[in-house]
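Q: One letter stands for each residue in the lines below.
There are 2 protein chains.
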Amino acid sequence: MSKNLTTRSEDYSKWYNELIVKADLAENSGVRGCMVIKPYGFAIWEKMQAELDRMFKETGHQNAYFPLFIPKSYFSKEASHVDGFAKECAVVTHYRLKNDEDGGIIVDPDAKLEEELIVRPTSETIIWDTYRKWIQSYRDLPILVNQWANVVRWEMRTRLFLRTSEFLWQEGHTAHATEAEAIAEAEQMMRVYATFAQDFMAMPVIKGTKTESERFAGAIETYCIEAMMQDGKALQAGTSHFLGQNFAKAFDVKFAAKDGGQEHVWATSWGVSTRLMGALVMTHSDDNGLVLPPNLAPIQVVIVPIYRGEDQLDAISQIAKELQRELQLQGVSVKFDDRDTHKPGWKFNEYELKGVPLRIAIGPRDLEKRTVELARRDTLTKEIVSKDNIVDRVRELLKEMQKSMFKKAKEYRDEHITEVDTYDEFKQVLEEKGGFISAFWDGTTETEEKIKDETKATIRCIPLKAKEENGTCMYSGKPAQKRVLFAKAY
Amino acid sequence: MSKNLTTRSEDYSKWYNELIVKADLAENSGVRGCMVIKPYGFAIWEKMQAELDRMFKETGHQNAYFPLFIPKSYFSKEASHVDGFAKECAVVTHYRLKNDEDGGIIVDPDAKLEEELIVRPTSETIIWDTYRKWIQSYRDLPILVNQWANVVRWEMRTRLFLRTSEFLWQEGHTAHATEAEAIAEAEQMMRVYATFAQDFMAMPVIKGTKTESERFAGAIETYCIEAMMQDGKALQAGTSHFLGQNFAKAFDVKFAAKDGGQEHVWATSWGVSTRLMGALVMTHSDDNGLVLPPNLAPIQVVIVPIYRGEDQLDAISQIAKELQRELQLQGVSVKFDDRDTHKPGWKFNEYELKGVPLRIAIGPRDLEKRTVELARRDTLTKEIVSKDNIVDRVRELLKEMQKSMFKKAKEYRDEHITEVDTYDEFKQVLEEKGGFISAFWDGTTETEEKIKDETKATIRCIPLKAKEENGTCMYSGKPAQKRVLFAKAY
Numbered sequence: 066m067s068k069n070l071t072t073r074s075e076d077y078s079k080w081y082n083e084l085i086v087k088a089d090l091a092e093n094s095g096v097r098g099c100m101v102i103k104p105y106g107f108a109i110w111e112k113m114q115a116e117l118d119r120m121f122k123e124t125g126h127q128n129a130y131f132p133l134f135i136p137k138s139y140f141s142k143e144a145s146h147v148d149g150f151a152k153e154c155a156v157v158t159h160y161r162l163k164n165d166e167d168g169g170i171i172v173d174p175d176a177k178l179e180e181e182l183i184v185r186p187t188s189e190t191i192i193w194d195t196y197r198k199w200i201q202s203y204r205d206l207p208i209l210v211n212q213w214a215n216v217v218r219w220e221m222r223t224r225l226f227l228r229t230s231e232f233l234w235q236e237g238h239t240a241h242a243t244e245a246e247a248i249a250e251a252e253q254m255m256r257v258y259a260t261f262a263q264d265f266m267a268m269p270v271i272k273g274t275k276t277e278s279e280r281f282a283g284a285i286e287t288y289c290i291e292a293m294m295q296d297g298k299a300l301q302a303g304t305s306h307f308l309g310q311n312f313a314k315a316f317d318v319k320f321a322a323k324d325g326g327q328e329h330v331w332a333t334s335w336g337v338s339t340r341l342m343g344a345l346v347m348t349h350s351d352d353n354g355l356v357l358p359p360n361l362a363p364i365q366v367v368i369v370p371i372y373r374g375e376d377q378l379d380a381i382s383q384i385a386k387e388l389q390r391e392l393q394l395q396g397v398s399v400k401f402d403d404r405d406t407h408k409p410g411w412k413f414n415e416y417e418l419k420g421v422p423l424r425i426a427i428g429p430r431d432l433e434k435r436t437v438e439l440a441r442r443d444t445l446t447k448e449i450v451s452k453d454n455i456v457d458r459v460r461e462l463l464k465e466m467q468k469s470m471f472k473k474a475k476e477y478r479d480e481h482i483t484e485v486d487t488y489d490e491f492k493q494v495l496e497e498k499g500g501f502i503s504a505f506w507d508g509t510t511e512t513e514e515k516i517k518d519e520t521k522a523t524i525r526c527i528p529l530k531a532k533e534e535n536g537t538c539m540y541s542g543k544p545a546q547k548r549v550l551f552a553k554a555y
Numbered sequence: 066m067s068k069n070l071t072t073r074s075e076d077y078s079k080w081y082n083e084l085i086v087k088a089d090l091a092e093n094s095g096v097r098g099c100m101v102i103k104p105y106g107f108a109i110w111e112k113m114q115a116e117l118d119r120m121f122k123e124t125g126h127q128n129a130y131f132p133l134f135i136p137k138s139y140f141s142k143e144a145s146h147v148d149g150f151a152k153e154c155a156v157v158t159h160y161r162l163k164n165d166e167d168g169g170i171i172v173d174p175d176a177k178l179e180e181e182l183i184v185r186p187t188s189e190t191i192i193w194d195t196y197r198k199w200i201q202s203y204r205d206l207p208i209l210v211n212q213w214a215n216v217v218r219w220e221m222r223t224r225l226f227l228r229t230s231e232f233l234w235q236e237g238h239t240a241h242a243t244e245a246e247a248i249a250e251a252e253q254m255m256r257v258y259a260t261f262a263q264d265f266m267a268m269p270v271i272k273g274t275k276t277e278s279e280r281f282a283g284a285i286e287t288y289c290i291e292a293m294m295q296d297g298k299a300l301q302a303g304t305s306h307f308l309g310q311n312f313a314k315a316f317d318v319k320f321a322a323k324d325g326g327q328e329h330v331w332a333t334s335w336g337v338s339t340r341l342m343g344a345l346v347m348t349h350s351d352d353n354g355l356v357l358p359p360n361l362a363p364i365q366v367v368i369v370p371i372y373r374g375e376d377q378l379d380a381i382s383q384i385a386k387e388l389q390r391e392l393q394l395q396g397v398s399v400k401f402d403d404r405d406t407h408k409p410g411w412k413f414n415e416y417e418l419k420g421v422p423l424r425i426a427i428g429p430r431d432l433e434k435r436t437v438e439l440a441r442r443d444t445l446t447k448e449i450v451s452k453d454n455i456v457d458r459v460r461e462l463l464k465e466m467q468k469s470m471f472k473k474a475k476e477y478r479d480e481h482i483t484e485v486d487t488y489d490e491f492k493q494v495l496e497e498k499g500g501f502i503s504a505f506w507d508g509t510t511e512t513e514e515k516i517k518d519e520t521k522a523t524i525r526c527i528p529l530k531a532k533e534e535n536g537t538c539m540y541s542g543k544p545a546q547k548r549v550l551f552a553k554a555y
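From first to last, the protein sequence lines are chains A and B.
Those letters in the first sequence? Residues 66 to 555, per the working numbering, in order.
Those letters in the second sequence? Residues 66 to 555, per the working numbering, in order.
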């Protein structure tokens with residue numbers, strides 16, 4: 066197997082692109098900007114989906130499915146929404162092809178749609194057009210719906226998982242009788258995302274709100290979770306929006322209130338996408354390949370036999386299969402790789418590249434001594450474990466790795482939050498160290514835009530934990546109440 | 066609640082349309098031909114997905130994801146495929162909208178795609194274009210991949226679940242080193258579908274192959290499972306195709322064989338869709354609403370309290386919640402509907418309409434006697450059960466209902482297979498009784514087409530179980546070897 070990855074220090078971006086492809090996560094397709102998610106990558110996404118779906122259902126949500134296409138006119142109904150989304154999108158204009166005179170196929174000009182259809186970049190409009198039919202009275206509220214879907218946002222410069230023209234995501238869309246209830250829902254989903262990121266992805270995140278200019282198009286408030294990648298760039302990992310009554314007004318969705326009278330419905334929407342795959346890779350992986358947290362690894366343990374001849378393989382296989390069964394009974398996913406087409410060294414490399422948390426090697430000497438060699442992907446350390454203790458040790462290590470990967474990522478993240486008080490300091494830290502920079506900001510879009518233009522850094526979030534202080538904006542020198550987090554971002 | 070369903074005997078088609086909407090399964094959207102799958106309907110689809118996905122994985126398949134869009138030129142590469150699929154489809158021609166002078170939004174003529182993109186009607190072409198990169202040697206085979214996806218086939222006349230322009234499905238696409246292995250795969254997946262239909266949907270199906278004219282565009286052989294609906298019309302519930310080397314040749318996918326030399330890869334593809342939801346409804350439901358088999362019911366048991374005043378409700382709630390917990394521990398999904406906004410009679414109607422298999426009612430007299438009333442949806446029968454026996458009785462009844470729904474559907478189906486030997490008899494049975502008609506056919510497309518033109522009946526399949534006989538085609542009088550099954554079909 067050719068590992069030969071570019072290292073992170075050589076070229077972080079190239080390292081990422083190579084790793085995604087070599088570890089069999091995804092690849093570019095013949096369609097501009099659209100990726101193929103390969104089985105190994107998709108298995109990780111399925112684990113993410115399963116956990117998120119469970120968390121959504123535990124918080125009272127149900128899944129549904131809405132159309133892929135949205136009539137063009139729907140977008141015009143919410144003014145800020147159309148500017149944010151409808152412009153860079155795939156437009157369906159015809160519904161038929163036909164043969165031309167040369168036997169080729171062309172678009173049939175007679176099959177032009179009366180109204181063009183947009184491939185959904187997000188589904189607020191089509192969903193609120195539907196909710197109008199579902200909601201008459203306060204008894205019909207709340208509606209707590211999620212959908213797992215593909216969406217398309219036409220992107221000029223794409224990168225696997227991080228920015229693709231088509232991506233997979235979930236989008237929750239809820240409807241409420243009161244403002245307070247909708248805000249509570251939006252905040253709850255931000256917390257659900259944060260819990261998922263920390264407990265499953267082993268990725269620390271900062272919870273906060275977006276500034277006006279970074280808000281979702283059509284939102285009153287956007288809550289977000291922000292993560293820090295190993296190259297010092299931030300990544301927005303999930304957003305949850307309080308939409309106020311904007312979409313209810315645009316689509317005329319009212320309900321008969323308990324105390325009489327017609328009121329507009331309050332809304333939220335929230336989503337995470339296959340972008341999380343990119344975040345997962347960039348949070349933990351190293352120059353040898355992927356490092357996957359045990360809670361999301363499709364294969365948690367791989368067993369590799371080291372043998373000469375059929376007799377040794379038979380003896381080792383017997384032990385390996387017994388061990389596999391025992392571990393599976395404990396809910397551990399185990400692969401026994403007894404392929405004779407590849408050597409052990411090749412396999413070691415392959416599973417390192419693919420980030421399998423634990424590797425068990427069993428050789429002839431282990432047979433004699435009733436031991437196995439256990440190797441840990443995150444630290445690359447090895448230990449010899451007695452066969453009698455191996456099941457317990459594996460379970461223990463999987464838990465420990467999940468914790469220690471989070472701890473390591475959190476230490477890195479915490480080291481990459483720098484408080485600065487002047488703009489010069491700001492630019493220096495941004496240039497030399499990267500990471501989040503915590504600084505006072507005067508709260509104006511004007512200052513935010515100027516900093517962005519001059520440094521490419523944006524305000525990632527106003528942390529929920531930010532305390533009220535009497536400060537001075539590092540850029541304008543005007544009074545400022547809170548430190549916000551700046552960073553260059555994916 | 067307004068049940069007031071049209072009855073099946075009044076107007077079967079109207080009954081179906083009303084039921085789908087009133088039972089909260091799906092509804093039409095603002096986009097022509099595209100449906101909204103509502104939470105209750107989607108919960109059934111999720112149960113189908115979960116079981117099918119498990120069966121696919123148990124037979125060695127992995128999930129992956131391929132692009133939504135397919136470049137137009139890809140379709141031209143497999144000649145019969147383009148005729149079958151690429152013509153009635155959604156065509157993306159532009160990638161941007163812009164504001165016009167009046168502030169409206171229009172398609173930006175400057176953002177025209179060089180090559181149009183087709184929204185996938187099925188994914189053979191994009192997948193085989195990808196497999197070319199994945200397959201070099203026999204070591205890379207077999208590839209056993211499935212994807213869960215949305216697809217679009219432009220339909221002029223649509224019906225919820227049965228024929229919609231966008232629908233959800235799974236499509237398996239496998240690549241093999243030998244013809245025999247690919248045929249075995251295609252046959253295996255037909256059997257997996259049949260097992261799913263019978264064990265989960267409680268729907269009997271006939272396994273068979275399609276005639277040449279009914280085959281998938283690009284297939285050498287199409288295997289299918291055919292079901293019989295309550296109105297005597299057949300429904301194709303799933304297909305599995307042996308594609309030969311057609312797509313490998315069209316997309317130049319070769320592999321280095323074990324014994325040297327380059328060979329084209331052998332292929333299969335297989336799929337079932339949200340159409341199964343329509344089949345499920347039409348197989349079991351009655352004039353009171355849905356009848357769901359326990360194995361696919363999102364709510365298997367509903368508990369309805371019958372009470373006056375808070376005290377009675379409290380006492381009943383205590384028992385109901387205890388019972389709910391006990392049943393949940395046994396893996397039974399239970400809803401306790403203690404809403405005070407609706408009366409018991411309304412709730413009885415609602416859960417009948419939604420096909421919940423078992424209903425438990427608990428009233429004040431049950432409190433005294435330590436009993437509950439248990440009602441069964443399929444037979445509409447009731448029994449009084451002692452509180453001590455209720456958990457066992459529920460479990461027993463759920464199993465029994467699953468079996469007896471299958472038995473009832475199979476009896477109906479078997480009664481609706483009629484052997485005929487003359488064309489007059491054929492037309493009479495088709496007109497008066499419907500169902501499958503088993504008749505000798507001379508094997509020519511010409512005869513098949515004439516019968517179709519004259520009667521609207523098509524050959525649903527050549528049953529795998531059909532025995533070799535010396536017969537005479539009922540239409541042409543020519544020699545015929547097998548009886549095939551004709552029917553009018555959805």
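In short, the hints are calculated from the structure, not lab data.
Among these hints, one or two may not hold up.
To be verified - With a Cα cut of at most 16 Å, we get these calculated EDC-like pairs of lysine to aspartate or glutamate:
hint, chain 1, residue 1, chain 2, residue 2
1, B, K408, B, E387
2, B, K163, A, E92
3, A, K152, B, E111
4, B, K177, A, D148
5, B, K198, A, E92
6, B, K163, A, E180
7, B, K163, A, D175
8, B, K400, B, E387
9, B, K323, A, E328
10, B, K152, A, D148
11, A, K323, B, E375
12, A, K142, B, E387
Q: Indicate, hint by hint, whether the structure satisfies it.
A: Hints and how they fare:
1. B:K408 x B:E387: At roughly 22 Å apart (the allowed maximum being 16 Å), E387 of chain B and K408 of chain B break the hint.
2. B:K163 x A:E92: Answer violated: K163 of chain B to E92 of chain A is near 32 Å, above 16 Å.
3. A:K152 x B:E111: 33 Å, violated
4. B:K177 x A:D148: 20 Å, violated
5. B:K198 x A:E92: 10 Å, holds
6. B:K163 x A:E180: The given pair, whose Cα atoms are some 15 Å apart, holds under the 16 Å limit.
7. B:K163 x A:D175: 24 Å, violated
8. B:K400 x B:E387: 12 Å, holds
9. B:K323 x A:E328: 72 Å, violated
10. B:K152 x A:D148: 33 Å, violated
11. A:K323 x B:E375: Given pair K323 of chain A, E375 of chain B is violated - Cα atoms ~21 Å apart, limit 16 Å.
12. A:K142 x B:E387: 49 Å, violated
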